[in-house]
Amino acid sequence: MQFMQRGLDADVRKQLEEEEKRIINDEHWYLDMPELKAKESFIVEERSYVPCEDLVYGRMSFKGFNPEVEKLMVLMNAPNEEEDEETEEKDKTRMDTDITDEEMAIRYGSLVESMKRRFAKKRERTSQRNEDDNVNHNIGETQPKKVFLKPQD
Amino acid sequence: MNSIHSCFKAQIGGVVLPGDVFRFNGSSVEEDSNIKAEKMVCGPGLRRNGDEILACKSGILRHKQPSMYWIDCQQKRYVPVKGESVIGIVTAKSGDIFKVDVGGSEQASLSYLAFEGATKRNRPNVQVGDLVYAQFIIANKDMEPELVCIDSCGRANGMGVFGAEGFLFKVSLGLARRLLSPQSEIVKDLEKIFPFEMVVGLNGRVWVKAKSIQQTLIVANLLESCENMTAQQRQALFKRVAEGAL
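Here the protein sequences line up with chains A and B, keeping their order.
Numbered as in UniProt numbering, the first sequence ends at 153 without a single skipped number.
Numbered as in UniProt numbering, the second sequence ends at 246 without a single skipped number.
Okay, chain A solo, but in the shape it has when bound:
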């Protein structure tokens, strides 16, 4: 019976495979050229001046004209500005200002008062007001601290 046969012999199978391979190889195309030898080039071309001359960041501001740009300048020119830190600090001290130190002091003086009042409790507020009045008179009248008195039996 045919289905009981062992199939083809090993050598016949090999022969068939070879034939098939040859047909495939014949159909393949290839370029008839000498082998290209990739030569490693040690010359690199660079079209930009930036790496050659170590050019810095293009936006600049001086003496605090535009503080945002000055921050960016520090950030973008960071790697090569280590030795410049001293001069930078000097720049900051002579940065011109719209608000003088006196104005700043006056503003903060009143600010401290109003903030203190804001965070104080109602009871402390009255005492604060008294203190303010007393500052000029120098009367050492201190109120005793109010405490909870335990009821007696």
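Hints listed in this document are in silico derivations from the structure and should not be mistaken for laboratory results.
Fair warning: there could be bad hints in the mix.
Stated by the list, open to error - Taking beta-carbon pairs under 7 Å as the criterion, some of the chain A residues facing chain B (in silico):
# : residue
1 : Val44
2 : Ser48
3 : Val56
4 : Asn66
Every residue, glycine too, gets a C-beta built ideally from N, C-alpha and C.
Please build the complex by placing chain B on the supplied structure of chain A, with the hints as guidance.
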């Protein structure tokens, strides 16, 4: 390898003209190939042609350690280079790109998505005539150059539309590079006069702004006059201006 270095060394600081050839014989390369071949960088103005290097600009040959050579030249025409930051003028809005004049042979394109925080819904507010500080992401001789106003992390870092007031003018590319060089003498002298802000593009455009129009114009004129002045002349002029202005 050594031969080409020696070939260059003879001319460092000297004038080279387009067509000058730096040649080295192949035998020395063979000798050196078993030693670790170090890379040699030829910068702007130099061009590799097979095994020789040609000069394609006229100027002074410069060298930086360890092995970088380029030609420092005076020119006014800007040729876009990938990665360089320039000042552009928006000339047209068309659909999803802006056309930007950068002073090159062709206008560059700038996508409306290439701004910090821009989305399809949230378009940046850019009008025709605005100045942008942007950097090239595509720049080669066969394609239209393309600009972006963000870095690889999506941050603006000072790029984008700027210059509500102030004054824009053109200088030669050489002067623009001198202004951008670290420890630039011109900038150091100038910042002593009065506070001002400046944007320098590698395409030779410079934008300045000071406290008043008068001061802005003084800075602009001083910068323009720096083109052809020696250090002594410049310092004398700046000193005169500082005395006159104060």
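Right, here's what the structure says about each hint:
1. Hint on valine 44/A holds. Least Cβ distance to chain B is approximately 5 Å, under the 7 Å limit.
2. Checking serine 48/A against chain B: minimum C-beta separation of about 4 Å stays under 7 Å; hint holds.
3. With a cut of 7 Å, the hint placing valine 56/A at the interface with chain B holds, because the nearest CB-to-CB distance is about 5 Å.
4. Here the hint on asparagine 66/A is kept, as its CB sits about 5 Å from the closest CB of chain B, short of 7 Å.
The earlier numbered hints are all upheld by this structure, with none contradicted.
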